[in-house]
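Number of protein chains: 2
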Amino acid sequence: MKIICLQENLKNNLNIVQNIIGKNLTLPILNNLLLESDNGRLRISSTNLEIGINTWTSGKIEREGAITCPAKILFNFVNNLPNKKIELEAKNNILTVKCENYKASIKGLSADDFPIIPKIKNDPIFEINNLCLKEALMKVSGCAAVSESRPEISGVFFSLNKEGLKLAATDSFRLAEKTEKMEKIKQDHSMILPQRTAQELIRILGEKEGVMKVILGSNQVLFESGEIQIISRLIDGQYPDYRQIVPQNFITQTLLNKEEFLNAVRIAGFFSSKVNNVKFSIQAGKMEILSQDPDLGENKTQIQAEVKGKEMEIEFNYRYLLDGLNNISAKQIFMGFSSESTAAVIKSAENDDYLYVVMPIKIS
Amino acid sequence: MKIICLQENLKNNLNIVQNIIGKNLTLPILNNLLLESDNGRLRISSTNLEIGINTWTSGKIEREGAITCPAKILFNFVNNLPNKKIELEAKNNILTVKCENYKASIKGLSADDFPIIPKIKNDPIFEINNLCLKEALMKVSGCAAVSESRPEISGVFFSLNKEGLKLAATDSFRLAEKTEKMEKIKQDHSMILPQRTAQELIRILGEKEGVMKVILGSNQVLFESGEIQIISRLIDGQYPDYRQIVPQNFITQTLLNKEEFLNAVRIAGFFSSKVNNVKFSIQAGKMEILSQDPDLGENKTQIQAEVKGKEMEIEFNYRYLLDGLNNISAKQIFMGFSSESTAAVIKSAENDDYLYVVMPIKIS
Numbered sequence: 001m002k003i004i005c006l007q008e009n010l011k012n013n014l015n016i017v018q019n020i021i022g023k024n025l026t027l028p029i030l031n032n033l034l035l036e037s038d039n040g041r042l043r044i045s046s047t048n049l050e051i052g053i054n055t056w057t058s059g060k061i062e063r064e065g066a067i068t069c070p071a072k073i074l075f076n077f078v079n080n081l082p083n084k085k086i087e088l089e090a091k092n093n094i095l096t097v098k099c100e101n102y103k104a105s106i107k108g109l110s111a112d113d114f115p116i117i118p119k120i121k122n123d124p125i126f127e128i129n130n131l132c133l134k135e136a137l138m139k140v141s142g143c144a145a146v147s148e149s150r151p152e153i154s155g156v157f158f159s160l161n162k163e164g165l166k167l168a169a170t171d172s173f174r175l176a177e178k179t180e181k182m183e184k185i186k187q188d189h190s191m192i193l194p195q196r197t198a199q200e201l202i203r204i205l206g207e208k209e210g211v212m213k214v215i216l217g218s219n220q221v222l223f224e225s226g227e228i229q230i231i232s233r234l235i236d237g238q239y240p241d242y243r244q245i246v247p248q249n250f251i252t253q254t255l256l257n258k259e260e261f262l263n264a265v266r267i268a269g270f271f272s273s274k275v276n277n278v279k280f281s282i283q284a285g286k287m288e289i290l291s292q293d294p295d296l297g298e299n300k301t302q303i304q305a306e307v308k309g310k311e312m313e314i315e316f317n318y319r320y321l322l323d324g325l326n327n328i329s330a331k332q333i334f335m336g337f338s339s340e341s342t343a344a345v346i347k348s349a350e351n352d353d354y355l356y357v358v359m360p361i362k363i364s
Numbered sequence: 001m002k003i004i005c006l007q008e009n010l011k012n013n014l015n016i017v018q019n020i021i022g023k024n025l026t027l028p029i030l031n032n033l034l035l036e037s038d039n040g041r042l043r044i045s046s047t048n049l050e051i052g053i054n055t056w057t058s059g060k061i062e063r064e065g066a067i068t069c070p071a072k073i074l075f076n077f078v079n080n081l082p083n084k085k086i087e088l089e090a091k092n093n094i095l096t097v098k099c100e101n102y103k104a105s106i107k108g109l110s111a112d113d114f115p116i117i118p119k120i121k122n123d124p125i126f127e128i129n130n131l132c133l134k135e136a137l138m139k140v141s142g143c144a145a146v147s148e149s150r151p152e153i154s155g156v157f158f159s160l161n162k163e164g165l166k167l168a169a170t171d172s173f174r175l176a177e178k179t180e181k182m183e184k185i186k187q188d189h190s191m192i193l194p195q196r197t198a199q200e201l202i203r204i205l206g207e208k209e210g211v212m213k214v215i216l217g218s219n220q221v222l223f224e225s226g227e228i229q230i231i232s233r234l235i236d237g238q239y240p241d242y243r244q245i246v247p248q249n250f251i252t253q254t255l256l257n258k259e260e261f262l263n264a265v266r267i268a269g270f271f272s273s274k275v276n277n278v279k280f281s282i283q284a285g286k287m288e289i290l291s292q293d294p295d296l297g298e299n300k301t302q303i304q305a306e307v308k309g310k311e312m313e314i315e316f317n318y319r320y321l322l323d324g325l326n327n328i329s330a331k332q333i334f335m336g337f338s339s340e341s342t343a344a345v346i347k348s349a350e351n352d353d354y355l356y357v358v359m360p361i362k363i364s
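So the protein sequences, as listed, match chains U and F. Just so you know, the first sequence maps onto residues 1 to 364 in our numbering. Just so you know, the second sequence maps onto residues 1 to 364 in our numbering.
Just so you know, these hints were derived from the structure itself, not from any lab. We put the CB at the ideal spot given by N, CA and C, even for glycine. One or more of the hints may lead you astray.
The calculated DSS-like cross-link candidates involving lysine-lysine, where the alpha carbons are at most 25 Å apart (straight line), are [what the hints assert, rightly or not]:
| # | chain 1 | residue 1 | chain 2 | residue 2 |
| --- | --- | --- | --- | --- |
| 1 | F | K300 | U | K258 |
| 2 | U | K98 | F | K85 |
| 3 | F | K258 | U | K85 |
| 4 | F | K85 | U | K2 |
Per the computed footprint, the stretches of chain F lying under chain U, defined by three or more beta-carbons under 8 Å from a beta-carbon of chain U, are [unchecked claim]:
| # | region |
| --- | --- |
| 5 | 234-248 |
| 6 | 288-301 |
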């Protein structure tokens, strides 16, 4: 293989593929990237056996061929080269990289031993603007369960129907749901995307404009945008019918200034005890936020609130509230309560695109 | 004690004092700050028994008195308050802090048990612009020995004579020296400042303009600037006569573009083996930088150099070179070699204010 390409293009694509590669001692080829000439372009691929990534870089193919080489050293080297032409040449499992006065010879492994990244040939089930997808993933993925004891909630749930696309995640203590309106959806679909893939998509999407095609395979999904493909396994199982825990009727409804509320919750967190509990007392025209730690002391903040319905006291884990509030960019938020012991809803006062549902801490 | 002051002033001063406080389980009062009315101002003090810090905040003293309270919770609380008037009131070892609709009661300890921060009453041995001191400390302190096996080189050496002030630090593998010209120095002085104090000074000096007075006690030093005092113990012992290892005559002298050299060394580092060794081959008009790792591969970069004297090959720990080069802001640097097995000197091609001396790795 002998290929000439531009440093900037190569650097960008190496940055996309390299992140999923860890340090694999039992299967050293998983530390490597596959570089291969592919119809007049250079294809670079990586895999951790759960996620596979392909990118294509334009360049001049002087000799067809393929090699694999350690991801980290190639990425570091190319990253520090000037933005000039780079010559990549593979011979006897050594990749030689030349750029102006810089030269490196990197020990590789045969391309024949690189794991096959599956191909999915179906039609896209939907297309979505890259930045919309990134934002939606950022707003929900933090709620997915960290433990794998219930694998079906350890990922982000995508459900597609004629109203559009809903992304949801929950760890059973709180739930986030983001809705993207979509037209021309022909068929309902759903899938559970592993949290790791969601994180990788967020990273790769960065500030990249464009459109992502989402193509569903039997137990895999392909995200394709321009010259990037991300192929991931899906989580097997039935996602819980989370809609049934989202309260529809409220005994108490409040409208709050988001920044004021966020700051009060943040401050209350400093004084909260080990279970992170903070008490909210909702009264006519105001909310009091109280927290107490037997060793440190206590804290009380009062904020203005438009309150409808009955007065109440309820406790939440302040960290869950912060997570939700940080995902809402509205000036004013709605917070609705159905009882002292059932889930509350937080959302923008203006729209329902993003719902955050949080369980209270039961006061014994 | 009852004092009213502005949030911003209080926040800034809490930020200055709180950083030296760790989590002390055996002596809980060391987790606390001392707040005390002091001639119409609020004095806040902290100590870790090695470093003590005093700051003064202007405000309205409504009742004299003192209290200590945990640093972290007070800092976090005040940091998140609006920039308005804050009322601090101490009663029965509880500090109540009020600001608009926010209120906290923090459990404190009696001020009587707070360790005494020593006072030093001498005249300053010198004064220095804060940003000059910060820059000088930043450029040398990283070279101080990390281990305490030779305590005398685990700090920054200050030496003052009629030429000015020199700051130096070494871990016996490399040495950095920064010179500040000064006039009106009446008497020679020297001291070894602990690395931790140097780091704390760098942090506190931040972008703070003004002048620092340096006042020497018997085994302590006081840095005083405006309403801030930092009192530190000094390291006992004789600092090595480092001037004798700084080579004065060179068999090979080179002038190099700093950025090119820095980048070549950085890249060589990726390919260097476990002892971080990189080989430098100096020839007429050029320098070759070579590194090799038996598992990864090898790298060669060639850069232009003005070379005087004989050709030579020498190896260095690339990390030590990066540290030194990153501290020099010149476009062109001088690197002088006295032999393959003795220290080399790196400095700006234009001046001698900053010297970086590095020992080679002996080629066996």
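Cross-check of the supplied hints:
| no. | hint | in the structure |
| --- | --- | --- |
| 1 | F:K300 with U:K258 | violated, 57 Å |
| 2 | U:K98 with F:K85 | violated, 63 Å |
| 3 | F:K258 with U:K85 | holds, 23 Å |
| 4 | F:K85 with U:K2 | violated, 70 Å |
| 5 | 234-248 | violated (count 0) |
| 6 | 288-301 | holds (count 7) |
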